[in-house]
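So the sequence shown is numbered by our numbering: it starts at 0 and just counts up by one.
Check before you lean on any hint, since a few could be wrong.
As the list claims (entries may be wrong) - Pairs of lysine-lysine residues, derived as BS3-like cross-links and limited to a Cα-Cα distance of at most 25 Å, are as follows:
| id | residue 1 | residue 2 |
| --- | --- | --- |
| 1 | Lys516 | Lys613 |
| 2 | Lys273 | Lys228 |
| 3 | Lys273 | Lys292 |
| 4 | Lys580 | Lys516 |
| 5 | Lys316 | Lys340 |
| 6 | Lys340 | Lys292 |
| 7 | Lys402 | Lys515 |
| 8 | Lys613 | Lys580 |
| 9 | Lys402 | Lys292 |
| 10 | Lys292 | Lys580 |
| 11 | Lys292 | Lys441 |
Said to hold, decoys possible - Pair by pair, the computed Cβ-Cβ distance ranges are:
| id | residue 1 | residue 2 | range |
| --- | --- | --- | --- |
| 12 | Arg213 | Lys516 | 53 to 61 Å |
| 13 | Tyr423 | Leu512 | 44 to 52 Å |
| 14 | Arg508 | Arg598 | 41 to 49 Å |
| 15 | Arg321 | Ala596 | 39 to 47 Å |
| 16 | Ser517 | Asp18 | 48 to 56 Å |
| 17 | Arg321 | Asp433 | 37 to 45 Å |
Calculated from the structure, these hints are not laboratory results.
All C-beta atoms in this analysis are idealised placements derived from N, C-alpha and C, irrespective of residue type, glycine included.
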Amino acid sequence: MNRSGALPGGYMGRILVVDLDAGVIDEEVLPDAVYDEGLYGPGLASRMLLERIPPGADPMGADNILAFTPGLLTGTGCLFAGRWTVAGKSPLTGGWGDANCGGNFSPAIKQCGYDGIFFRGASDHPVYLDVRDGKAELRDAGRFWGMDTVETETLLAGGGKGKKPVVAAIGPAGEKRSLIAGIANDGGRMAARSGLGAVMGSKNLKALVLSGNRRVPVFDREAVKRLSKSCSRWVSLQIPLPAGPVMSRVGTLFRVMPLQAAQDGLFYNSLLRKWGTVSMNRASVEMGDAPVKNWAGSNEDYPFDRSRPIDPDVFRKTEVVRYHCYSCPLGCGAVSSLRGKFTRSHRPEYETVTAFGPLCLNTDGDSIFYINELLNRAGMDTISAGATVAFAMECLEQGILTKSDMDGIDLAWGNADAVIALLYRMIRREGIGDVLADGVKKAAERIGGGAGALAMHAGGQELPMHDGRNDPGFALHYAAEPAPGRHTTGAWLYYEMFQLWRKVPELPRPPLLYPKKSRYEGIPEKAAMAAACSKYMNVANSAGLCLFGLFLGAHRIPVFEWLNAVTGRERTATETMEIGKRTQTAKQRFNLRHGVALRSVTVPPRALGQPPQKRGANRNRTVDLEALKKEYWRAFGWDPETGAP
0 MNRSGALPGG YMGRILVVDL DAGVIDEEVL PDAVYDEGLY GPGLASRMLL ERIPPGADPM
60 GADNILAFTP GLLTGTGCLF AGRWTVAGKS PLTGGWGDAN CGGNFSPAIK QCGYDGIFFR
120 GASDHPVYLD VRDGKAELRD AGRFWGMDTV ETETLLAGGG KGKKPVVAAI GPAGEKRSLI
180 AGIANDGGRM AARSGLGAVM GSKNLKALVL SGNRRVPVFD REAVKRLSKS CSRWVSLQIP
240 LPAGPVMSRV GTLFRVMPLQ AAQDGLFYNS LLRKWGTVSM NRASVEMGDA PVKNWAGSNE
300 DYPFDRSRPI DPDVFRKTEV VRYHCYSCPL GCGAVSSLRG KFTRSHRPEY ETVTAFGPLC
360 LNTDGDSIFY INELLNRAGM DTISAGATVA FAMECLEQGI LTKSDMDGID LAWGNADAVI
420 ALLYRMIRRE GIGDVLADGV KKAAERIGGG AGALAMHAGG QELPMHDGRN DPGFALHYAA
480 EPAPGRHTTG AWLYYEMFQL WRKVPELPRP PLLYPKKSRY EGIPEKAAMA AACSKYMNVA
540 NSAGLCLFGL FLGAHRIPVF EWLNAVTGRE RTATETMEIG KRTQTAKQRF NLRHGVALRS
600 VTVPPRALGQ PPQKRGANRN RTVDLEALKK EYWRAFGWDP ETGAP
């Protein structure tokens with residue numbers, strides 16, 4: 000692979016390839032086509048994994064490749080550019096899998112001089128990759144095997160002189176190959192989805208330890224500074240907000256209003272600055288965005304008087320210090336002070352709170368803090384774990400499981416102690432925990448007896464905590480994305496906040512005020528909006544940008560301008576969106592190559608309003624998912640009947 004032209008800014012020019020079978024580490028120079036096509040991050044990974052993972056490869060076998068990629072804008076002075084992506088064949092879905100994460104791991108990859116680190120094969124004993132001072136080697140990880148993610152990171156990053164290394168590691172869930180295991184960095188920031196922590200465990204790879212001092216090349220640093228300064232002014236703008244309980248009533252207002260106003264991300268930016276993602280805990284329940292009681296309930300099952308323990312002010316009171324991911328001016332995270340076994344923890348995010356709050360009808364706020372830290376240390380996805388617990392609760396309620404099947408655990412709705420007891424069994428794969436440790440699809444297959452109807456997943460991955468009956472865009476992306484069951488790609492709400500039509504004029508511009516019923520109409524236009532979200536998020540993830548920054552709007556966060564200033568290219572926004580389309584197409588081809596039946600990937604009828612709910616915020620609402628999927632595929636230029644590019 001010879002490079003004929005000058006290296007564009009943002010690129011390091013090479014990748015690290017680790018053969019765990021042979022214990023051999025090589026560097027590869029990236030081909031010119033990678034630069035010409037603008038590939039990076041998950042875009043680069045999608046191209047390489049499509050070419051190098053053979054059809055029919057076992058996701059938990061040696062043929063699977065695990066790719067860790069930083070962002071193209073990471074380390075360049077651009078804001079919000081601290082995200083990294085891990086990708087591989089997902090053991091949950093059997094197709095394309097990736098997980099995106101913040102923290103401080105992304106810049107460490109580039110500072111070591113790489114545009115990605117790729118693992119193939121499997122070691123015959125526990126190992127970790129150590130890269131520092133320009134030297135990469137595999138080291139024995141036997142003494143770390145069995146440790147949680149925080150213990151592992153503390154030991155591997157501690158000691159010695161000079162720059163402190165950065166660590167990404169799996170915990171006991173990944174070691175025991177739980178298919179809902181993730182990968183943690185920075186004390187519990189999780190790349191949680193797609194089950195890639197299990198893939199890492201199957202390779203006997205405990206951790207990556209990185210320390211470097213390479214400078215990331217930038218074509219025009221002055222332009223980057225100027226653009227970042229302008230963006231920073233928007234981030235610092237704080238809209239005055241009332242106390243949490245009053246703010247949460249916004250959800251009630253949204254629920255009762257017959258009209259919907261197009262959302263501007265500046266409002267959400269202010270919420271994040273004050274409370275983080277937990278700002279929407281109660282409001283989301285009220286408006287019908289948060290699923291309740293394993294998606295069978297409504298806001299009436301988790302009313303305002305019961306949701307007080309998850310009020311955003313409750314979480315703010317535990318705050319010890321604000322938490323910023325690398326290059327983030329917003330700081331939507333926090334470290335919380337806890338009582339009991341864990342004294343400090345990353346503040347739970349909205350998804351975790353909802354998964355172990357309204358989804359399980361749990362009103363014990365303290366238990367959610369404990370569960371969050373427990374699962375972060377175990378390296379287990381809180382979304383999938385919460386969905387699995389809610390599934391088991393309903394199985395027990397309906398008599399599909401008995402208390403004896405549950406190892407005597409009284410897993411009644413809202414029983415926080417029982418939830419924690421079950422989670423320990425899932426982490427250790429003990430008894431009923433072994434049945435549930437691989438998520439709801441596998442659990443339903445093992446349990447039988449009608450359990451499949453209660454398993455809330457898309458293509459094998461548990462549904463996130465945003466209800467498509469309230470915003471059909473979520474349901475569409477859950478089913479139609481190459482990595483299904485994900486909430487971080489698109490929705491009608493996201494499209495409104497991205498404001499892409501300001502940069503890509505051919506895209507539709509939503510009205511400022513519209514009837515709520517129109518969210519379920521105009522399917523071709525809605526599908527075009529969804530396709531634009533997918534393309535944009537492929538660009539953003541490849542750049543290493545945070546979704547919350549993107550919510551500021553394309554006219555305030557200069558994504559396209561940053562990319563040109565860093566690389567030296569002069570692509571229009573439309574041309575850059577085509578890079579996102581190529582990445583999406585490569586992921587879809589990956590799924591077809593590995594036998595994923597694209598038409599069969601769907602959302603359970605319950606989550607589509609089939610039949611519609613009789614009460615609550617989402618009553619009488621039904622999503623025509625099949626029509627949306629066809630038009631979404633058509634918007635990409637793919638076969639609308641099969642989804643094949």
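Here is what the structure says about each hint:
1. Lys516 to Lys613: holds, 17 Å
2. Lys273 to Lys228: holds, 21 Å
3. Lys273 to Lys292: Cα-Cα ~29 Å, so violated.
4. Lys580 to Lys516: violated, 30 Å
5. Lys316 to Lys340: Within the cut-off at roughly 19 Å; holds.
6. Lys340 to Lys292: Outside the cut-off at roughly 28 Å; violated.
7. Lys402 to Lys515: Violated, at about 43 Å.
8. Lys613 to Lys580: Roughly 40 Å separates the two Cα atoms, so the pair is violated.
9. Lys402 to Lys292: The hint holds at about 19 Å.
10. Lys292 to Lys580: Distance of about 37 Å is beyond 25 Å: violated.
11. Lys292 to Lys441: holds, 20 Å
12. Arg213 to Lys516: 53 to 61 Å: At 54 Å between Cβs, range holds.
13. Tyr423 to Leu512: 44 to 52 Å: holds, 49 Å
14. Arg508 to Arg598: 41 to 49 Å: violated, 32 Å
15. Arg321 to Ala596: 39 to 47 Å: 45 Å Cβ-Cβ, so the 39 to 47 Å window holds.
16. Ser517 to Asp18: 48 to 56 Å: For Asp18 against Ser517, whose Cβ atoms are near 54 Å apart, the range 48 to 56 Å holds.
17. Arg321 to Asp433: 37 to 45 Å: The hint (37 to 45 Å, Cβ to Cβ) holds, given that Arg321 and Asp433 are roughly 39 Å apart.
In summary, the numbered hints that this structure violates are 3, 4, 6, 7, 8, 10, 14.
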